Amino acid sequence: MTTLEHSIAQLIERGAELPLLPKNTWMEALSEDILAMDSRELASEDAPEWAADAMKSALLLWNDDLHASHDISQQLEESTGSLLHGMMHRREGDFSNASYWYQGVGDHPIFPALLEKSKAVYPEIFAEQTTWNAPQFIQLVNQATSEKDAVLIATCQRVQQIEMHLIVDYIASLSVS
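The sequence shown begins at 10 in my numbering and counts up by one.
Hints in this document: simulated from the structure, not taken from any laboratory. Model, not experiment: these values are computed from the prediction. Please note: incorrect hints may appear among the correct ones.
To be verified - The list that follows gives simulated cross-link-like pairs (lysine-lysine, DSSO-like), each with its CA atoms no further than 27 Å apart: (1) 157 / 32; (2) 126 / 157; (3) 128 / 157.
Build the full structure now, drawing on both the sequences and the hints.
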């Protein structure tokens, strides 16, 4: 198993209860492994130039290493970079900054699947949407964390987990020829 595969396996084993507003990195050693990964392991030569850094940023974000993820995502000047940047600011509780970065995302390729999977799990919240509404999800996370609503927190955590899987899968798919 490669370091990339091993890192993803560790993050998947973590489960769906990613904190919405993490206080600390989940596993410091995992962040060190991710940061040490060679670009060739993270993305193939035929992938877009930014794919390796995007994968690194996504894995660090999944590991709750917001600072390290941010250092990378803020350098990515395309929609996936804006998405990762917005996700990071949402997870740090800077909801207005998250909204700003989501404006630069446009209609990201993961959004249709994110909406469909979210509808399947939580139709009462997402059933009326025809496209993914990132500002609404940011508001839901803000509401859940402000009100300490356990049911809404669990809902947002599950959607966040779906989002993490989809972004990592999307970036990985860029390396498939």
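Structure-based check of all given hints:
no.: 1; hint: 157 / 32; result: holds (16 Å)
no.: 2; hint: 126 / 157; result: holds (24 Å)
no.: 3; hint: 128 / 157; result: holds (23 Å)
Taken one by one, the earlier hints all hold for this structure without exception.
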